[in-house]
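From just these sequences and the hints, can you work out the full model?
Protein chains: 2
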Amino acid sequence: MCFRRYFAASLIVTAVPLYAQVPARHDSVARAMVRTALVQNRSIELLRDLCAIGPRFSGSEQYEKAAQWSKTTMERLGFDRVWLEPVMVPHWVRGDKEEAVVYPAKRRMLMPVSVAALGGSIATPKDGLMGEVVEVRSFEELRTLGAAAKGKIVFFNRPMDRAQINTFAAYGGAVDQRGRGAIEAARVGGIAAIVRSVTTRIDDVPHTGSVGYHDSIPKVPAAAISTRDADRLSELLKTEPGTKMRLTLNCETLPDAATWNVIGEIRGSELPNEVIVVGGHLDSWDKGDGAHDDGAGCVQSIEALRLLKELELKPKRTIRAVMFANEENGLRGGIAYAAVQRPGERHVAAIESDAGGFVPRGFGVGDSAAYVRIKTWEPLFAFMNADRIVRGGGGADISPLMRQGVPGIGLNVETQRYFDHHHSDNDTIDAVNERELALGAGAMAILAYLIAEEGL
Amino acid sequence: MCFRRYFAASLIVTAVPLYAQVPARHDSVARAMVRTALVQNRSIELLRDLCAIGPRFSGSEQYEKAAQWSKTTMERLGFDRVWLEPVMVPHWVRGDKEEAVVYPAKRRMLMPVSVAALGGSIATPKDGLMGEVVEVRSFEELRTLGAAAKGKIVFFNRPMDRAQINTFAAYGGAVDQRGRGAIEAARVGGIAAIVRSVTTRIDDVPHTGSVGYHDSIPKVPAAAISTRDADRLSELLKTEPGTKMRLTLNCETLPDAATWNVIGEIRGSELPNEVIVVGGHLDSWDKGDGAHDDGAGCVQSIEALRLLKELELKPKRTIRAVMFANEENGLRGGIAYAAVQRPGERHVAAIESDAGGFVPRGFGVGDSAAYVRIKTWEPLFAFMNADRIVRGGGGADISPLMRQGVPGIGLNVETQRYFDHHHSDNDTIDAVNERELALGAGAMAILAYLIAEEGL
Chain G
1 MCFRRYFAAS
11 LIVTAVPLYA
21 QVPARHDSVA
31 RAMVRTALVQ
41 NRSIELLRDL
51 CAIGPRFSGS
61 EQYEKAAQWS
71 KTTMERLGFD
81 RVWLEPVMVP
91 HWVRGDKEEA
101 VVYPAKRRML
111 MPVSVAALGG
121 SIATPKDGLM
131 GEVVEVRSFE
141 ELRTLGAAAK
151 GKIVFFNRPM
161 DRAQINTFAA
171 YGGAVDQRGR
181 GAIEAARVGG
191 IAAIVRSVTT
201 RIDDVPHTGS
211 VGYHDSIPKV
221 PAAAISTRDA
231 DRLSELLKTE
241 PGTKMRLTLN
251 CETLPDAATW
261 NVIGEIRGSE
271 LPNEVIVVGG
281 HLDSWDKGDG
291 AHDDGAGCVQ
301 SIEALRLLKE
311 LELKPKRTIR
321 AVMFANEENG
331 LRGGIAYAAV
341 QRPGERHVAA
351 IESDAGGFVP
361 RGFGVGDSAA
371 YVRIKTWEPL
381 FAFMNADRIV
391 RGGGGADISP
401 LMRQGVPGIG
411 LNVETQRYFD
421 HHHSDNDTID
431 AVNERELALG
441 AGAMAILAYL
451 IAEEGL
Chain L
457 MCFRRYFAAS
467 LIVTAVPLYA
477 QVPARHDSVA
487 RAMVRTALVQ
497 NRSIELLRDL
507 CAIGPRFSGS
517 EQYEKAAQWS
527 KTTMERLGFD
537 RVWLEPVMVP
547 HWVRGDKEEA
557 VVYPAKRRML
567 MPVSVAALGG
577 SIATPKDGLM
587 GEVVEVRSFE
597 ELRTLGAAAK
607 GKIVFFNRPM
617 DRAQINTFAA
627 YGGAVDQRGR
637 GAIEAARVGG
647 IAAIVRSVTT
657 RIDDVPHTGS
667 VGYHDSIPKV
677 PAAAISTRDA
687 DRLSELLKTE
697 PGTKMRLTLN
707 CETLPDAATW
717 NVIGEIRGSE
727 LPNEVIVVGG
737 HLDSWDKGDG
747 AHDDGAGCVQ
757 SIEALRLLKE
767 LELKPKRTIR
777 AVMFANEENG
787 LRGGIAYAAV
797 QRPGERHVAA
807 IESDAGGFVP
817 RGFGVGDSAA
827 YVRIKTWEPL
837 FAFMNADRIV
847 RGGGGADISP
857 LMRQGVPGIG
867 LNVETQRYFD
877 HHHSDNDTID
887 AVNERELALG
897 AGAMAILAYL
907 IAEEGL
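The listed protein sequences correspond, in order, to chains G and L.
Position 162 of the first sequence, counted from 1, bears residue number 162 in the numbering used here, the numbering being contiguous throughout.
Start counting at 1 in the second sequence, then tack on 456, and there's your number in the numbering used here.
No wet-lab data here; the hints were simulated from the structure.
Keep in mind that the hints are not guaranteed to be accurate.
[Said to hold, decoys possible] So the derived list for chain G, only partly shown, Cβ under 7 Å to chain L, looks like this:
no.	residue
1	S28
2	V29
3	R31
4	R35
5	V39
6	R158
7	I183
8	M384
9	E414
10	Q416
11	E436
The C-beta atom is built at its ideal place from N, Cα and C for all residues, glycine as well.
Below is the structure:
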């Protein structure tokens, strides 16, 4: 953007508050919420309890425990209504065998590789599959290779772009390899897809995530390897072309499983049928604790409602915490929530926290009119340095609501560390700072309260 | 602040850029600096090397190694001039014995406590000292106790205020207990000062720091205990008044030691005698690695100059990286640097990074005229979300320069996690995120370059 335009835009945007009508009492409420969140420090306590259950993958016993924990917790906190809503979710299990071994073309020494099947992947034959490895950095490069990739294991090795300030942008620029790698590999006759973990870190931990298949294209197994192993393998392929890999996975897809979205609410005192959703997804990958992704968003949603009760606030509209099922490999929870007929009820807005329990910087608003309105509330978030209200945002779980016209809003947090942890054994409770987590809960509570009081 | 005033202030401040004269080429330089910092990722490599030496306490062998490492590193990077300047520093050594054991008044079970002598403390008698513990939360409370504290160990237990958004404000509200606790304890006849660690975390790690003495008041030993032990001890004192503690420290103060500030610079192409300092302090406490405090600031200062060279920029004015000695327990490095006569030379500004290697949010400017000028450059930091230029700031090491009228500027970073690590065994390289560290280096490089090109 040229400077002249920057300056003009900056003036317009920041001049808005001058004309805004923000009742002054909201400022003291906002400060009280954040003070209470920091001092009582409940978010981290909730997250410790939740993470103690273990990873909460869709279809797992732990997910069921986490759903019960969420329900019991919200009941214990005295929310006005707490209930479960049924959802059918995909049920993929990793199995007990995942192994990748590189056979260098020249050297005799085998190189074991840190590997994790991608969620939804088919298994390999029982004794694994073996093939020459061919490295590509893009689907275009793979298509150029064409027949040369036939019968081979396709190794997608384009790193996240380190130069991006927002790591979500870098993630967006690399994750196609994980999501569509198996399809594109099979399209040229490849026998498996190996993907460089989509993380900013160079380490030994593989990061999983969903892989997609097309019904019209043969399914091939797909797995992520650690970034350090990806670099090693890439080096090896330069000096020893013809290097092979044996990949063994015994994951499998079981029939869909019955589970739940978990919901709790504080009823509006004047307009109880107008609802503001605050939510996150309760399921996680089957790695780590799912602390940042998205245990953080769940406990922040619960904490947002708890703060209202603690401060004895009676918002005009209903504020509802939703712990969505199955964001990671199906989005069935978000879809099911939006599909439920709720006669007489209207969703005013939906706010999601699903970018990790990091320090909040503001909100992204995925609706023009809502953006203009919420932008006028920026001053109310300035005291906590979370006053960057930007256009564009939302969340996966609330996207089905957004498609129905409900304004969706995402909590924007500092992104530098998220992908160090994302979808891996690194996503554990000890990587969450209690103050950063609590500030996010405070920001969610403030925005939900403002919308409940002022409407949108 | 009332809302009317907030809005008015916000309008004035953000309107400034409209009238600013910022050459557009600076924008591409700024982006290139940050891109290079992130992609080449040298800051963390430098910090790993530095931290591998071990803690760099004033007077220690490791400080000497760190000084040599800094010099060699800057020479290897091809800076125009690299040199050492002599400094005499205090030389306190912790000794091999620090022990605190609580003797409950009623129960028979002894309670060992995590303890660390405060820097500068005198030793206890060889077999320790034993005394009844009396808890206070403020110097006022201690003065009210008066004679009742005579002969006792005074336990200062006022926590950091969790409600503060900026943890430095919370630190400022608690650290008097550490700095003046021994003086105030001795003033009422206390025989030692025990201080609750000045940290946001509840854990088992004691956080050290300097203790002061007055020549006119008897010196008594002073030590920090972990926050968890402070809470335990406080509980115990409620139910078992008369509880005692045995404290054993064999720390000692040796004669002052000769050491160095380490300096490297890139000479200005047009005004080489006008100097912008970028710096941090090379000494650390004798706990952890001194990674955040202040290895981060040192490597960011080196990296700022390296980025200039890497991008083949020839700034008009000289940019000088200074690794100051002895910030932690004497400030002798900062004082010595400012005291050196440098004929013909003028310091235009000094920028310090000493708040940890966390994500940068902007700068604090401790000079009114400089603030007004630098504020107009905010748009140049917006792309990296580090555009909060605020009035007030600087750094301990550059404070002697500031007293000579040199505008001092501090890199402001996200503060939530800093005091988890500060002055303790928690301050290690693995607590530093490479991207956050690199972004800080980029911000330092941009501001130093802008001042070098535009003056102040």
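Item to check | Q416 (chain G) as chain L interface residue, shortest Cβ-Cβ below 7 Å | outcome: 4 Å, holds
Next on the checklist: Does the closest beta carbon of chain L sit nearer than 7 Å to the beta carbon of E414 (chain G)?
Outcome noted: 6 Å, holds
Checklist entry - Is the shortest C-beta separation between V39 (chain G) and chain L less than 7 Å? => result Result: holds, 5 Å to nearest chain L Cβ.
Next on the checklist: Would the hint on R35 (chain G) be counted as holding, given a Cβ-Cβ threshold of 7 Å to chain L?
Outcome noted: Holds: closest Cβ of chain L sits about 4 Å from R35 (chain G), inside 7 Å.
Checklist entry - Under the criterion of a CB-CB separation shorter than 7 Å, is V29 (chain G) in contact with chain L as hinted? => result 13 Å, violated
Item to check | Closest C-beta approach of M384 (chain G) to chain L relative to 7 Å, hint status | outcome: Where the cut-off is 7 Å and the nearest Cβ of chain L is about 5 Å from M384 (chain G), the hint holds.
Item to check | chain L contact restraint for I183 (chain G) - C-beta distance below 7 Å | outcome: 30 Å, violated
Item to check | Agreement of hint S28 (chain G) with chain L interface, Cβ distance less than 7 Å | outcome: 11 Å, violated
Item to check | Minimum beta-carbon distance criterion (7 Å), R158 (chain G) to chain L | outcome: 15 Å, violated
Item to check | Supplied contact hint for R31 (chain G), tested at 7 Å Cβ to chain L | outcome: Hint on R31 (chain G): violated, closest Cβ of chain L at ~9 Å, above 7 Å.
Item to check | Hint status (Cβ of E436 (chain G) to nearest Cβ of chain L, threshold 7 Å) | outcome: Interface hint status for E436 (chain G): holds (5 Å vs cutoff 7 Å).
Checked against the numbered hints given earlier, this structure breaks hints 1, 2, 3, 6 and 7; the rest are met.
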